[in-house]
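Number of protein chains: 2
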Amino acid sequence: MKAFVFDAYGTLFDVFSVTSLCEDLFPGYGKQLSNLWRKKQLEYSWLRSLMSRYRDFWGVTEDALVYSAKSLNLDITASERAQLMDSYLHLATFPDVKPGLEELKKIGMRLAILSNGEPEMLRAATESADLTNFIDAIFSVDSVKEFKPSPRVYDQLPSGLKINKQEIGFVSANNWDVSGASSAGFATFWIQRSGFETPEELGHPPTHCVNAITDLCRFISPE
Amino acid sequence: MKAFVFDAYGTLFDVFSVTSLCEDLFPGYGKQLSNLWRKKQLEYSWLRSLMSRYRDFWGVTEDALVYSAKSLNLDITASERAQLMDSYLHLATFPDVKPGLEELKKIGMRLAILSNGEPEMLRAATESADLTNFIDAIFSVDSVKEFKPSPRVYDQLPSGLKINKQEIGFVSANNWDVSGASSAGFATFWIQRSGFETPEELGHPPTHCVNAITDLCRFISPE
Chain W
1 MKAFVFDAYG TLFDVFSVTS LCEDLFPGYG KQLSNLWRKK QLEYSWLRSL MSRYRDFWGV
61 TEDALVYSAK SLNLDITASE RAQLMDSYLH LATFPDVKPG LEELKKIGMR LAILSNGEPE
121 MLRAATESAD LTNFIDAIFS VDSVKEFKPS PRVYDQLPSG LKINKQEIGF VSANNWDVSG
181 ASSAGFATFW IQRSGFETPE ELGHPPTHCV NAITDLCRFI SPE
Chain V
1 MKAFVFDAYG TLFDVFSVTS LCEDLFPGYG KQLSNLWRKK QLEYSWLRSL MSRYRDFWGV
61 TEDALVYSAK SLNLDITASE RAQLMDSYLH LATFPDVKPG LEELKKIGMR LAILSNGEPE
121 MLRAATESAD LTNFIDAIFS VDSVKEFKPS PRVYDQLPSG LKINKQEIGF VSANNWDVSG
181 ASSAGFATFW IQRSGFETPE ELGHPPTHCV NAITDLCRFI SPE
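Residue numbers (my numbering), protein chains in the order written: chain W, 1 to 223; chain V, 1 to 223.
Extracted from the complex, chain W is given alone in its bound form (with noise of 0.2 Å):
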């Protein structure tokens, strides 16, 4: 193993950092409106890339905020709409990113970021959390204009990175992702930070599963 290749939002930034902006915008509402959200926005991710007609992630996230908002009959107003937006440019990571990208990093390990998120919102959200020493490149599904899991998407990692497919491995907290990449025939690394996950019924099972990305320093074998 080589490289180490990260999802982005649920795996290294928590798209739930915005459940307390949701929740001052929204008072009563904070939870409903941000789990929503998110479901909404992978949905439309999958129908979109389903349906040939691919939108940006940025566009899809903000298609899902509008129809979450309308849908729990919440007055949104453009201000609020676009703060909304702009706290996914600076989401909070979990407390053992930075720890574990360190980790790797100081054992010669090549990182980087595989996301669905288009190039910019991407740039803005790892500069904001600090991340940019410890990530040596950053892939979207933007190159390839179908999202995750497509096979298509990982199907980047070994060209962009120059190394063998065998010397990659993906991780990310989402067991959808998970189980595309393994099918797309990665080495896989499931994160399970709550502890016990039911596992999706989708085939392809992780080669790994662990509990934070401090975890994944045990995997490479001292040189």
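Take the hints with a grain of salt, since some may be wrong.
Unchecked claim - Example chain V residues on the side facing chain W (calculated, C-beta under 10 Å, incomplete):
{"no.": "1", "residue": "ARG48"}
{"no.": "2", "residue": "ARG53"}
{"no.": "3", "residue": "ARG55"}
{"no.": "4", "residue": "ASP56"}
{"no.": "5", "residue": "LEU65"}
{"no.": "6", "residue": "THR77"}
{"no.": "7", "residue": "GLU103"}
{"no.": "8", "residue": "ILE107"}
{"no.": "9", "residue": "SER143"}
{"no.": "10", "residue": "GLU146"}
{"no.": "11", "residue": "PRO149"}
{"no.": "12", "residue": "GLY180"}
{"no.": "13", "residue": "LEU202"}
{"no.": "14", "residue": "PRO205"}
In short, the hints are calculated from the structure, not lab data.
The beta carbon of each residue, even a glycine, is placed where N, CA and C say it ideally should be.
Based on these hints, arrange chain V on the given structure of chain W.
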């Protein structure tokens, strides 16, 4: 318009008619189990299509049931699983289905089904609901090995029915399914039985919105 093509599950057949059996088998969990089962059934159809790992709808439906039961910590026996799967072959129809199809048949419309379901489960549900006399043809995603809303699913209709695309109206209560058919270039009818539902933000809106299948005949001009 010479033909109406109907989505099956959620449009003709009420997928939530399994709720009472879910409740009988798992008291207190009927609604939760049937909701999650339906949600995962659709998710798995989208994810497997995107992964290029088609499995027919019977398999996907069973996978979704297994996941949902596990996720709710319900211990499901093989016989309970078989009973629940069997209920998918005997779904109730919505009250407007038979009167609506009868009216359309009387004025000479050709009527068909286009569904995610695999052919055998569609045939069984259609027979069990006594709809065989109304339905001229049953089309399944199984012929293209990709689920809705892939354009390849809808594109089989003109050649299958041997009429022009412009003469076909596609009818579904699932808004995302309507978007798929609209995006593929068909005239579409979105059935909103519960009155107001929030439309999906997927682009490609329905051509027409109606409240029931019995509303469709007013779109046919008398010859």
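Hints versus structure:
{"no.": "1", "hint": "ARG48", "in the structure": "holds (7 Å)"}
{"no.": "2", "hint": "ARG53", "in the structure": "holds (6 Å)"}
{"no.": "3", "hint": "ARG55", "in the structure": "holds (8 Å)"}
{"no.": "4", "hint": "ASP56", "in the structure": "violated (14 Å)"}
{"no.": "5", "hint": "LEU65", "in the structure": "holds (9 Å)"}
{"no.": "6", "hint": "THR77", "in the structure": "violated (17 Å)"}
{"no.": "7", "hint": "GLU103", "in the structure": "violated (32 Å)"}
{"no.": "8", "hint": "ILE107", "in the structure": "violated (32 Å)"}
{"no.": "9", "hint": "SER143", "in the structure": "violated (17 Å)"}
{"no.": "10", "hint": "GLU146", "in the structure": "holds (8 Å)"}
{"no.": "11", "hint": "PRO149", "in the structure": "holds (5 Å)"}
{"no.": "12", "hint": "GLY180", "in the structure": "holds (6 Å)"}
{"no.": "13", "hint": "LEU202", "in the structure": "holds (6 Å)"}
{"no.": "14", "hint": "PRO205", "in the structure": "violated (13 Å)"}
Consistency note: the structure conflicts with the earlier hints numbered 4, 6, 7, 8, 9 and 14.
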